[in-house]
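All chains should be built: construct the whole structure from the sequences, respecting the hints.
Chains as they are written, first to last, in our numbering: chain A, 5 to 354; chain B, 65 to 343.
Hint data in this document are derived by calculation from the structure and do not stem from the laboratory.
Using N, Cα and C, we set each Cβ at its ideal position, and we do this for glycine too.
Mixed in with the good hints there might be a few duds.
Partial list, computed: chain B residues near chain A (C-beta under 8 Å) [said to hold, decoys possible]:
hint, residue
1, A150
2, L154
3, H155
4, K159
5, D250
6, G254
7, R304
8, K307
9, C308
10, G314
Below, simulated DSS-like cross-link-like pairs (lysine-lysine); rule was C-alpha separation at most 27 Å, straight line [as the list claims (entries may be wrong)]:
hint, chain 1, residue 1, chain 2, residue 2
11, A, K240, B, K159
12, A, K300, B, K282
13, A, K25, A, K15
14, A, K73, A, K240
15, A, K96, B, K159
16, B, K69, A, K182
17, B, K282, A, K75
18, B, K159, A, K75
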Amino acid sequence: MERIGFLKKEKIEEYLQSLSKKGELYVPVDVGRAVKFEKYLTGSSICLDRPPTLPPKSVIYPQSERLFKFKFKKDEGNVDLIEIEEVEDTKKRIIFGARPCDSAGFSVIDNVFIQTDTPDVYYERRRMNSFIAAKACDKPSAGCFCIAVGGGPFDDSGSDALITELEEGYLIEAKTEKGSLFLDWELIEPGDDHLEKKLKKKEESERLLSEYLGELKKIEPLDPKTESFNDENFWKRHLSKCISCGLCTYLCPTCYCFNITDEKKIFEGERIRSWDSCMFFHFTLEASGHNPRPDKFKRFRNRVGHKFMFYPEKYSQLIACCGCGRCIRFCPVSVDIREVVFELQKPRRV
Amino acid sequence: MGPKKNPYLPEIVTVVRIIEETPTIKSLQVVFDDPERMKNFKFEPGQVGQLSVFGVGEATFVINSPPTRKEYLQFSVMKVGEVTSAIHELHEGDKLGLRAPLGNWFPYESMKGRNILFIGGGIGLAPLRTLILFMLDNRKDYGRITILYGARTPIDLCYKEDLKDWGSRDDVDLVLTVDNEYPGWDKKVGLVPNVLLEMAPKPDNTVAITCGPPIMIKYTLIALSKLGFKDEDIITTLERRMKCGIGLCGRCNIGSKYVCKDGPVFSLAQLKSLPQEEY
Numbered sequence: 005m006e007r008i009g010f011l012k013k014e015k016i017e018e019y020l021q022s023l024s025k026k027g028e029l030y031v032p033v034d035v036g037r038a039v040k041f042e043k044y045l046t047g048s049s050i051c052l053d054r055p056p057t058l059p060p061k062s063v064i065y066p067q068s069e070r071l072f073k074f075k076f077k078k079d080e081g082n083v084d085l086i087e088i089e090e091v092e093d094t095k096k097r098i099i100f101g102a103r104p105c106d107s108a109g110f111s112v113i114d115n116v117f118i119q120t121d122t123p124d125v126y127y128e129r130r131r132m133n134s135f136i137a138a139k140a141c142d143k144p145s146a147g148c149f150c151i152a153v154g155g156g157p158f159d160d161s162g163s164d165a166l167i168t169e170l171e172e173g174y175l176i177e178a179k180t181e182k183g184s185l186f187l188d189w190e191l192i193e194p195g196d197d198h199l200e201k202k203l204k205k206k207e208e209s210e211r212l213l214s215e216y217l218g219e220l221k222k223i224e225p226l227d228p229k230t231e232s233f234n235d236e237n238f239w240k241r242h243l244s245k246c247i248s249c250g251l252c253t254y255l256c257p258t259c260y261c262f263n264i265t266d267e268k269k270i271f272e273g274e275r276i277r278s279w280d281s282c283m284f285f286h287f288t289l290e291a292s293g294h295n296p297r298p299d300k301f302k303r304f305r306n307r308v309g310h311k312f313m314f315y316p317e318k319y320s321q322l323i324a325c326c327g328c329g330r331c332i333r334f335c336p337v338s339v340d341i342r343e344v345v346f347e348l349q350k351p352r353r354v
Numbered sequence: 065m066g067p068k069k070n071p072y073l074p075e076i077v078t079v080v081r082i083i084e085e086t087p088t089i090k091s092l093q094v095v096f097d098d099p100e101r102m103k104n105f106k107f108e109p110g111q112v113g114q115l116s117v118f119g120v121g122e123a124t125f126v127i128n129s130p131p132t133r134k135e136y137l138q139f140s141v142m143k144v145g146e147v148t149s150a151i152h153e154l155h156e157g158d159k160l161g162l163r164a165p166l167g168n169w170f171p172y173e174s175m176k177g178r179n180i181l182f183i184g185g186g187i188g189l190a191p192l193r194t195l196i197l198f199m200l201d202n203r204k205d206y207g208r209i210t211i212l213y214g215a216r217t218p219i220d221l222c223y224k225e226d227l228k229d230w231g232s233r234d235d236v237d238l239v240l241t242v243d244n245e246y247p248g249w250d251k252k253v254g255l256v257p258n259v260l261l262e263m264a265p266k267p268d269n270t271v272a273i274t275c276g277p278p279i280m281i282k283y284t285l286i287a288l289s290k291l292g293f294k295d296e297d298i299i300t301t302l303e304r305r306m307k308c309g310i311g312l313c314g315r316c317n318i319g320s321k322y323v324c325k326d327g328p329v330f331s332l333a334q335l336k337s338l339p340q341e342e343y
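The following block contains the structure:
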């Protein structure tokens, strides 16, 4: 079966329309000040020329979702009953125009939410019913460092298809079974002839990124014995400017921490799961008033530790960071997680 | 039920009895509405459950009745936050949600043949209670059992019935203490870690198990080390803010370990291998 197709530029609109008939289609849209993933509507102006401000994480893992509904009732004998109604979302979702780092982000969450003895059924259901086509990156943006954490601007792991923008059109490579969904042979033509051009672009893009990164080219998982890790002064030096706004976690494709809360009307209510942030004081605040991570240094240390030490420890040395650089690009006080990790890895200066 | 179990769905339980332990602590005895489930429910001493007050939320409590006594499951709840305040307003016959059992348990198999030293403070006696009762129900498997329990005042001591029983048994040494002198109190006065140092129990063939407020745990661990207990023989059960109870929501971790799933029971040796954090 043919796995590589080519879509002429003028046909993109028609292609997306056809794709939107196969499932709920999400594409990056310029909404002024930000590029975010929105449901595709005819005429939506898809924005592929710069990395989306927000990753498509929320398409599969919504910022807020209902886990179940409950109703308070009484039986004939006037005894109280509680009826629970599970919410099941089996909709088919298609993401077109994620970035390779965004897809890698889903792979990180998969390990936690799916590869466990108690899978998160809500995430799993949506993930299994999702189709992701990532658009390869031509040039690095400020803060990008995917190659340093094992990814790459043309990396296809975690994606069902990889899209490369060439001068005359888009090369579409199906990478998984599910990826065939993106090969709409009524609109595309065989694409093998364009492969060489793609490889050239890939090399060029990787070269640019590696040049841009300089010595930050390679980040290894942190050794649990890293000396500075338990040194409060190290964290103070890097974090005194942090304002605990949590932006880094909300823009992160790999952050998955959540909260569970109830909402109630008189005779019914629902249990809701929402994204939460480890950068917030109340995240670990106990009802007694005790807080194991009361200050921002400890919270940031936990965030860095989680991504570069604890997660690798649990999941065969994989780093829970996809190098998208959003937390660096958009941090209001310019905290750079790369510098912090890089310095932790340097042998300590005496 | 679908092919995969939804770990977030609670089962419905009914409150069958409420005991006022102290002015701020109540114990609730609950049974599953499904009698089959009640009969087949299995758990180990030290495991926890998430109690739901529908419309208010969920919170984690240890099952403090032992698996050897299964007419009901008992939870003790101190009124400190939203969910616990809502639980305090419940009556017998009211319905709750329960997700259980969650987490690990006390390694009681490896404690067989050894002397056991329990050190509890306040409501921290709850997780110890399940193991104490379990051991008393399997008394011949264990050596000397010593219980040191303290609270702020005599009024704040939990499980007064149990204390009376343990105090009267020949096969249990019970030491009670309160923080300050109190009219009519004829037992020890002083903070738990200080009383422990004064008691100076021998670490030989002894496992120490402790739970209490964070500050008590902190100094008790120091005291035990000072008395010569090995890190492997010091066991504690931790409390953290938890939401999911299944190691996903990310808030109860200490390094790579989740208190809800890999814990709540840890040895001091395990804790020392994790990043330094306040417990």
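Which numbered hints fail: 1, 2, 3, 5, 6, 11, 14, 15 and 17
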